[in-house]
Amino acid sequence: MSKRTTNILVPVISILLGLIVGAIVMLVSGFSPVDGYIALWNGVFGNSYNIGETVRQITPYVFAGLAVAFAFRTGLFNIGVEGQLIVGWLAAAYVGYAFDLPKIIHLPLALLAAAVAGGLWALIPGLLKAKLQVHEVIVTIMMNYIALYVANATISALSGGAEKTEKIHDSASLRSPFFETITDYSRMHWGFVIAIIAVIVMWFLLEKTTRGFELKAVGFNQNASDYAGMNVSKNIVLAMVISGVFAGLGGAMEALGTFGNISKMTAFTGIGFDGIAVALLGANQPFGVLFGAILFGSLKNGGLNMPNEAGIPVEIVSIVIALIIFFVASGYIIRVVLERLSKKKKEEK
Amino acid sequence: MSFLEVLYFIIPSAIFYAAPLIMTAIGGVFTERSGVINIGLEGVMIMGAFSSIVFNLTFADSLGGWTPWVGLLVAMVVGIVFSLILAVAAVSFRADQTVAGVALNMLGLAVAVFSIKMLYDKGQTDSIAERFSRFDIPGLKNIPILGKMFFTDVYGTSILAIAVAFFAWFIIYKTPFGLRLRAVGEHPMAADTMGVNVTKMRYVAVMISGALGGIGGAIYAQAIAGNFSQTTISGQGFMAIAAMIFGKWHPLGAMGAALFFGFAQSLSIVGASIPVIKDVPDVILFILPYVLTILALAGFIGKARAPKASGTPYVKGKR
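Chains as they are written, first to last, in my numbering: chain A, 5 to 353; chain B, 80 to 398.
No wet-lab data here; the hints were simulated from the structure. Where a beta carbon is used, it is the ideal one built from N, C-alpha and C, also for glycine. Keep in mind that the hints are not guaranteed to be accurate.
Some chain B residues near chain A, calculated using beta-carbon distances under 10 Å [said to hold, decoys possible]: (1) K196; (2) I224; (3) V359; (4) I363.
Residues of chain B placed beyond 12 Å of chain A at every Cβ, according to the derived structure [to be verified]: (5) L83; (6) F88; (7) E121; (8) D175; (9) V192; (10) P217; (11) Y234; (12) T310; (13) F317; (14) F339; (15) S347; (16) I348; (17) D358; (18) P360; (19) V394.
If the Cβ cut is set under 7 Å, some of the chain A residues that face chain B in the computed set are [unchecked claim]: (20) L31; (21) F49; (22) V143; (23) M146; (24) E167; (25) N225; (26) S229; (27) I323; (28) A333.
Assemble the whole structure, with the sequences as input and the hints as a guide.
Here you go:
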């Protein structure tokens with residue numbers, strides 16, 4: 005079996021295993037997996053409203069996945085996507101309602117604010133990693149909590165103690181009457197176009213530019229890159245910041261597209277953590293991330309239909325997602341099994 | 080309020096909040112000493128909290144005052160079983176340990192909330208009737224100042240946590256098991272050559288962390304939260320990991336760091352009734368432990384480093 009086939013088979017098998025274990029969990033808890041997965045399917049594709057909502061759900065996942073994947077490709081593990089996404093969301097929402105500008109300036113400005121906020125939030129772990137060799141995993145986890153509390157306090161301060169900020173002005177909105185009519189008034193918005201552009205930008209940056217080559221080289225081997233005359237610490241900081249920019253834009257999708265404001269949060273959105281799964285499933289390739297985001301966005305949005313239609317708690321979808329991550333991470337064992345199987349086939353022939 | 084009164088108020092509360100962190104952080108020390116990173120401690124704590132609350136609600140009538148303590152044992156067993164998932168992935172399947180840990184966290188929360196909805200038909204349990212009770216330690220409570228600070232109205236769980244920290248120090252630094260554990264975490268190949276079973280040591284270490292993390296979650300649920308919902312455990316597992324790093328991968332250091340985090344946490348809760356502190360905005364108190372962890376990692380931690388093999392699967396015969 006060629007390496008390429010195995011690379012595609014591992015995630016496919018992981019998804020199947022995740023769905024199978026999910027079905028077993030449903031059986032054990034006294035539900036019909038068939039009803040459950042039909043409800044899931046209908047939640048994704050059932051009607052035009054659900055399709056629109058699924059696309060809306062996929063959009064921030066693309067950004068979260070790109071953020072994690074970009075960091076991974078450059079040798080960093082950014083668990084802080086969640087926090088960077090929250091500050092990006094906050095920044096976009098603030099610019100969205102606090103300024104009065106024509107759309108052609110306002111919308112890009114709000115997106116820029118989110119990108120800058122996410123980038124700055126990632127700058128701290130980047131600098132600490134580059135200058136002081138502090139492990140980015142712990143710092144980014146801590147930064148997530150700081151983002152959560154700081155965002156809540158800022159929302160409170162901005163809104164005079166209320167639970168959420170004002171709605172953004174239309175001039176900063178990504179929503180489109182056209183999508184709303186064709187999808188039965190779902191919250192589908194223009195963000196998915198920006199998401200696809202972001203996928204292409206990341207591909208171009210990593211594969212077609214010198215800077216992208218340097219970033220990947222530093223990720224592969226810092227000593228060799230240093231020896232080759234690259235500025236390792238500068239590249240680490242840059243990689244982290246770019247990752248944060250993607251995450252911040254993911255937050256902008258929620259602020260400018262889906263919700264039009266930001267509310268106080270009692271817990272994390274989960275988008276950032278799911279981004280890890282999205283990136284893994286996409287093998288950290290930009291176009292792979294797009295597929296990963298489509299899968300996870302569909303599962304998440306379709307899952308919302310499971311309590312109504314089949315009476316199954318929506319958490320079953322999180323169980324399936326966690327299992328998929330688990331199986332993708334354990335790809336080694338799947339590879340071993342695949343190799344054994346293909347060897348056996350050869351012998352039989 | 081005099082300074083001493085503030086201390087009487089805040090020190091017992093700090094120890095109270097620290098107990099679950101101490102337990103879980105020590106669990107983290109065991110896994111990392113064996114060369115496995117356990118980001119999944121949050122998930123383990125969730126499972127411990129969930130199982131102990133379900134047990135407590137179900138058996139409180141028949142077990143009475145012993146319920147929370149038996150609940151700890153139940154949580155310990157559940158923690159061990161749950162952590163086996165990480166052990167299998169990280170040790171046998173050579174999975175990326177951090178990613179497997181992240182999956183463990185997601186799985187723990189999803190399984191717990193799913194089960195709560197199945198059992199009680201709502202997202203949150205009722206409050207438990209049997210909580211850990213407080214008692215005075217005879218004799219010691221009469222010591223001036225210290226008696227009132229440390230030995231009056233004590234929770235048994237706080238004593239247990241501190242005892243476990245010292246016991247863990249003894250195990251890791253004074254027994255052959257501890258020596259093997261550290262050897263496996265520093266240089267698994269050398270340890271293997273000397274006849275230490277790397278796989279077995281790592282499995283045992285992850286299971287110990289599951290046991291302690293489960294107990295930590297159970298203490299948090301049964302002493303502090305009093306019920307279980309999606310947000311009962313939100314970040315305590317990560318705080319425990321931070322305490323472990325802050326404490327330089329040493330059981331007593333981890334305990335010290337956990338006490339400090341407990342102090343920071345209790346400040347944000349009891350601070351409202353203490354002069355000076357009540358004027359500090361809540362958000363500063365909320366983020367304090369996290370900011371301090373980052374500062375500590377960046378500057379004050381000194382030469383301490385993680386066990387050398389931490390995070391890398393051991394592949395026999397590979398140099």
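How the hints compare with the structure:
no.	hint	in the structure
1	K196	4 Å, holds
2	I224	35 Å, violated
3	V359	12 Å, violated
4	I363	9 Å, holds
5	L83	31 Å, holds
6	F88	24 Å, holds
7	E121	10 Å, violated
8	D175	5 Å, violated
9	V192	5 Å, violated
10	P217	41 Å, holds
11	Y234	26 Å, holds
12	T310	5 Å, violated
13	F317	5 Å, violated
14	F339	15 Å, holds
15	S347	10 Å, violated
16	I348	14 Å, holds
17	D358	15 Å, holds
18	P360	7 Å, violated
19	V394	10 Å, violated
20	L31	13 Å, violated
21	F49	24 Å, violated
22	V143	6 Å, holds
23	M146	4 Å, holds
24	E167	15 Å, violated
25	N225	16 Å, violated
26	S229	21 Å, violated
27	I323	4 Å, holds
28	A333	4 Å, holds
Hints 2, 3, 7, 8, 9, 12, 13, 15, 18, 19, 20, 21, 24, 25 and 26, counting from the list given before, are not met by this structure.
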